[in-house]
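> Sequence:
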Amino acid sequence: MASEHDFDAVVIGSGFGGSVTACRLAEAGNTVLVLERGHRWGPERGHRNERSKDGDDPDGDVMAFPRAAGDLWMWDQLHPEQSHGFIDYRPFPHMGVIQGSGVGGGSLIYANVLIEADPSSFEEGWPPEITSSHLRTYYQMVDRMLEPRTVPPTQWSERVKLLKEAAERNGWGDRFQLVEVAVRFDDELVYESSKRPDPTVSKRWRNRHGAWQGTCAQLGNCDLGCDVGARNTLDKNYLFVAEQRGAKVWPLHLVRSIAPDGRGYRVYFDRIAEGRFHPGNVSGRLVIVAAGSLGSTELLLRCKEQYRTLPELSAFLGQHWSSNGDVLTPAFQFFRKRVYPGRGLAFAGHVQFLHETSAGPAPGRSRFNIEDGGFPYQAIRALVRHLARARATRKGLSAWIFRMAVRSLGAVYGLFHWLAGLPILKSLRGLVERLDPTNYLMPWIAQGMDGGDGVLHLKDGELMLDWPPDHRATVSVIDKIYETHKKLARATRGLVFPPIAWKLFRFLVTPHPLGGCNMGVDRAHGVVDHKGEVFGYPGLYVADGAIVPEALGVNPAKTIAALAERIAEHIVGAHPRPAV
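Quick note on numbering: numbering that gives the first Met the number 0 labels position 150 of the sequence shown as 149, and the sequence is numbered without any gaps.
If you are wondering where the hints come from, they were derived from the structure by calculation, not from laboratory data. The structure displayed is predicted, hence computed values, not measured ones. Be a bit skeptical, because a hint or two may be false.
With a straight-line Cα cutoff of 27 Å, these simulated BS3-like cross-link-like pairs (lysine-lysine) come out [what the hints assert, rightly or not]:
1. 486 <-> 160
2. 502 <-> 485
3. 163 <-> 458
4. 247 <-> 530
5. 336 <-> 486
6. 163 <-> 336
7. 303 <-> 530
8. 163 <-> 486
9. 202 <-> 52
10. 485 <-> 160
11. 163 <-> 194
12. 458 <-> 303
13. 160 <-> 202
14. 336 <-> 485
15. 530 <-> 486
16. 336 <-> 52
17. 336 <-> 194
18. 336 <-> 160
19. 502 <-> 486
My request is simple: use the sequences and hints to build the entire structure.
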């Protein structure tokens, strides 16, 4: 019989949960629609980079990656019809959350790291069906799609060399490893950080899924979109395959609510066009919510409390949110070769303190993972300006100090790069680079097993986060991470920034939000079961970082994708497509 719905499955969001489920459901013969709030992005406006060798296949939905001051940088959750950019930054008391916005979700802004969660991460808080050994099969499925590998020896950045040296100087050499990254490399390329990266060295060929990609030219733009298409973002594998199998992807569709509709669900959205919202709706016999930790939780909270279309959602909704213990500790490494944080692969190595090694156990009871970091130079001024604006409405001495600090940082950075760009100073560009302090800046990065006791809720119609910064486990791991960062930096003669934001204001920023629609054994202890299905609502699923019930202490993308593979496998088996 023919389906009584518009689609077999409506997928809300296109990140590591939405792309995986859309792909597998489309492969199983289902009609699939992916609703994505953001743009489809690429190196050149109006062209799909992955569809042809020259990257010139016409597609009017494609927006160019933000680069200049007037580009679409920021997503504004209060007024997305006016500002629907690449980066979504949400400031809450004590915590800022950074997310990507666009077709490909978090893969657009993440640093390519695909690392499996440590087996100890699953010892508490997870349904008994979810174990490290059980996920092994699904991790392997993710590997086949995203093709991770380590950076070639001839293309190490100065930052990963610094990380390895610092670990060895502290007696932690056996804790250092290269991380696997979802990036395509040319093994014959030799990268030297003192030379400006050259995109023309990139070589293009088809990946195993048929999408065209280039090889890494070490441009340093990973978090803002790769100009040569070397990153294995989801639009070049899972989503590419889904579309090849007939799935539809509708960018600039912001979902507002979900309501039961006969034997399925109706999804209500606003299409963003010409600076206005255009309401619409579609129905599906299955709905997969995959809008990220904040997005999925907010959507379900509104369905429960504001629109009352899903009133029987678990009271656990919004509970046990985690920042995944993310910490950034900048340090100036003036007394060595410049580290150039804006050149080379963003992340390439890590030093793990998640379990015992021959160097001994992890320090104290805290467990965490430290990585080299990088950031695209183009992002700094735009992000600093936005951070200053986001805090401008806050009053008091702490808010004033924060605004002055970020504005000063932006001014210093802007001055040096303005000077470097002046034609009259072209001959002095090397001197300007040597004097530019940002070229000596090492962003020491970490994730840790924090307390995970944040609460997402609606207040006056807006999403709020109550995150307790004084939770004992959180304070312990954050302080231990900072002390370890300090040891690593000082072992290589680095000058460490004091953790003013943390020590004085208990404020952190995370790009790895987890939880809010947690997995649990029943509705009293979670929002979804171990298969991702929402308690009390058959055929409604959540498949993204919102279902992760505990901090992972490492980059979560691979685990989120593996969980989504498992959920998709269940959906295909439990909900076969009706015969036509």
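> Next, verify each hint and record whether it holds.
Structure-based check of each hint:
no., hint, verdict
1, 486 <-> 160, "16 Å, holds"
2, 502 <-> 485, "15 Å, holds"
3, 163 <-> 458, "46 Å, violated"
4, 247 <-> 530, "25 Å, holds"
5, 336 <-> 486, "19 Å, holds"
6, 163 <-> 336, "15 Å, holds"
7, 303 <-> 530, "21 Å, holds"
8, 163 <-> 486, "13 Å, holds"
9, 202 <-> 52, "10 Å, holds"
10, 485 <-> 160, "17 Å, holds"
11, 163 <-> 194, "22 Å, holds"
12, 458 <-> 303, "14 Å, holds"
13, 160 <-> 202, "26 Å, holds"
14, 336 <-> 485, "19 Å, holds"
15, 530 <-> 486, "42 Å, violated"
16, 336 <-> 52, "38 Å, violated"
17, 336 <-> 194, "13 Å, holds"
18, 336 <-> 160, "11 Å, holds"
19, 502 <-> 486, "18 Å, holds"
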